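So the sequences go chain by chain: V and Z. Its first residue numbered 18, the first sequence is counted upward by one per residue in the numbering used here. Its first residue numbered 18, the second sequence is counted upward by one per residue in the numbering used here.
Treat the hints as calculated values from the structure; they're not laboratory data. For clarity, every value in this text was computed on a predicted model and none was experimentally measured. It cannot be assumed that every hint is accurate.
[Said to hold, decoys possible] Cross-link-like lysine-lysine pairs, in silico, DSS-like; alpha carbons within 25 Å at most:
#: 1; chain 1: Z; residue 1: Lys195; chain 2: V; residue 2: Lys100
#: 2; chain 1: Z; residue 1: Lys100; chain 2: V; residue 2: Lys141
#: 3; chain 1: Z; residue 1: Lys43; chain 2: V; residue 2: Lys189
#: 4; chain 1: V; residue 1: Lys43; chain 2: Z; residue 2: Lys100
#: 5; chain 1: V; residue 1: Lys189; chain 2: Z; residue 2: Lys195
Number of protein chains: 2
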Amino acid sequence: MTTFYQPNAADGTHFLDEEESRHAVKVLRLQSGNSITVVDGKGNYFQAHLQDNNPKRCSFSVISQHSQPLLPYSIHLAIAPTKNLDRMEWMVEKLTEVGVDSIQFVECDYSERRVLKLQRLYRKAISAMKQSGRALLPVLHEIRPLSSWKALDNTQKFIAHIDDSHHQLLSKVVSPNKSYQVLVGPEGGFSPTEISWATERGFQVVGLGDFRLRTETAGLAACQTLHVINTIHRSE
Amino acid sequence: MTTFYQPNAADGTHFLDEEESRHAVKVLRLQSGNSITVVDGKGNYFQAHLQDNNPKRCSFSVISQHSQPLLPYSIHLAIAPTKNLDRMEWMVEKLTEVGVDSIQFVECDYSERRVLKLQRLYRKAISAMKQSGRALLPVLHEIRPLSSWKALDNTQKFIAHIDDSHHQLLSKVVSPNKSYQVLVGPEGGFSPTEISWATERGFQVVGLGDFRLRTETAGLAACQTLHVINTIHRSE
């Protein structure tokens with residue numbers, strides 16, 4: 018069944034926006050009475066019937082509602098956007114598929130990109146959410162300088178970094194069922210000042226493997242590692 | 018230090034091909050005597066000096082040689098290529114970064130792509146190998162029908178599949194320090210015939226998470242899961 022996005026469905030907004038309405042009526046040729054699924058990006062699924070197949074404003078009536086199960090852990094990524102925007106769009110799509118709670122974009126000493134529009138990234142995330150059968154959209158935070166950013170409290174904090182010292186691998190040091198904050202640097206890595214800044218704030222320096230990963234690969238690999246460690250500790 | 022690719026370096030071919038030579042001389046403006054690293058994609062690194070900075074055929078003299086450490090496990094992916102080629106190119110890049118030994122492309126009942134040229138994929142893999150500091154290139158096998166393909170012997174075999182039954186997660190059933198063969202289907206999934214075909218041949222049906230992943234995401238997530246499970250069992 019086709020899935021649509023209406024962020025305010027739980028507050029009684031029971032119609033699709035113009036873009037979603039057009040897709041429903043002009044592309045999928047849905048008719049009044051057809052069954053649809055609506056997700057709100059906040060964790061809720063609505064089984065609904067299309068009421069009015071107006072291509073600018075499709076209304077629907079909600080039949081039933083349920084929620085995406087909450088996990089006993091959460092993943093928050095802070096990452097320096099890459100110079101190439103495609104790589105960030107790709108990363109947001111993949112992180113939405115595998116699951117991430119929030120992405121904070123940060124500006125670092127060696128950053129090659131200091132401006133980032135979230136709108137296109139949100140579109141990628143919405144599409145990936147619908148595609149993967151999720152109802153929860155990652156929260157994307159506007160880019161800000163790393164030095165003025167404050168990590169979430171009560172999280173296990175990691176900074177992914179490669180240098181000549183042999184750091185522990187993330188997979189070896191993570192504890193299951195926690196909230197995690199992972200910091201990933203730009204193409205040129207973190208400056209020594211930034212590493213000190215992070216370790217003073219409780220970030221543990223970790224590696225993600227034996228070889229260099231691109232920024233966007235590192236973001237995905239870190240989140241995937243946290244999921245794997247948590248799933249092997251699941252009781253079922 | 019800049020890394021170049023010469024697949025026959027170990028057999029005494031001590032010059033770069035035209036494309037690599039042009040890059041060294043015209044883009045990086047390297048001079049005779051400059052230090053370079055050459056990798057052969059077969060696991061060997063050569064520290065070398067540039068001898069003749071001919072932009073069509075850079076010769077080099079090897080100073081020393083060492084090998085990429087072998088892992089106690091290996092990962093072999095068999096996957097149906099996606100309709101969209103960019104997604105396969107992206108996947109080959111990312112799999113090369115995180116590490117995969119071979120990729121067999123297979124044609125499935127619901128495949129949306131039945132023809133695939135390996136040349137562009139190899140270029141992505143070579144670039145990702147150099148970028149990540151690896152010396153080993155994944156082996157890419159020409160596409161063939163799933164029914165005529167034979168999985169590698171002595172491997173732990175998994176087929177990633179989502180249906181109404183609740184399959185075990187790959188992370189829960191994999192044993193460390195083995196060779197693995199993972200089979201990932203096209204956008205439309207595997208047909209019932211294919212699932213039977215695979216289970217009769219010793220493939221265990223597994224899930225990769227609680228939600229649907231795109232084909233290329235599933236290929237990457239499966240390999241990353243195998244790496245994570247193996248790293249947590251490492252002794253150091």
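Going through the hints against the structure:
1. A hinted pair counts as satisfied when its Cα atoms are at most 25 Å apart, and lysine 195 (chain Z) with lysine 100 (chain V) does not qualify at roughly 38 Å.
2. The straight-line distance between the Cα atoms of lysine 100 (chain Z) and lysine 141 (chain V) is roughly 19 Å, inside the 25 Å bound, and the hint therefore holds.
3. For the given pair, lysine 43 (chain Z) sits about 44 Å from lysine 189 (chain V) by alpha-carbon distance, which is inconsistent with the 25 Å threshold.
4. A threshold of 25 Å between alpha carbons decides the hint, and for lysine 43 (chain V) with lysine 100 (chain Z) the separation of about 24 Å falls inside it, so the pair holds.
5. For the hint linking lysine 189 (chain V) to lysine 195 (chain Z), the alpha-carbon distance of about 19 Å falls within 25 Å, and the restraint holds.
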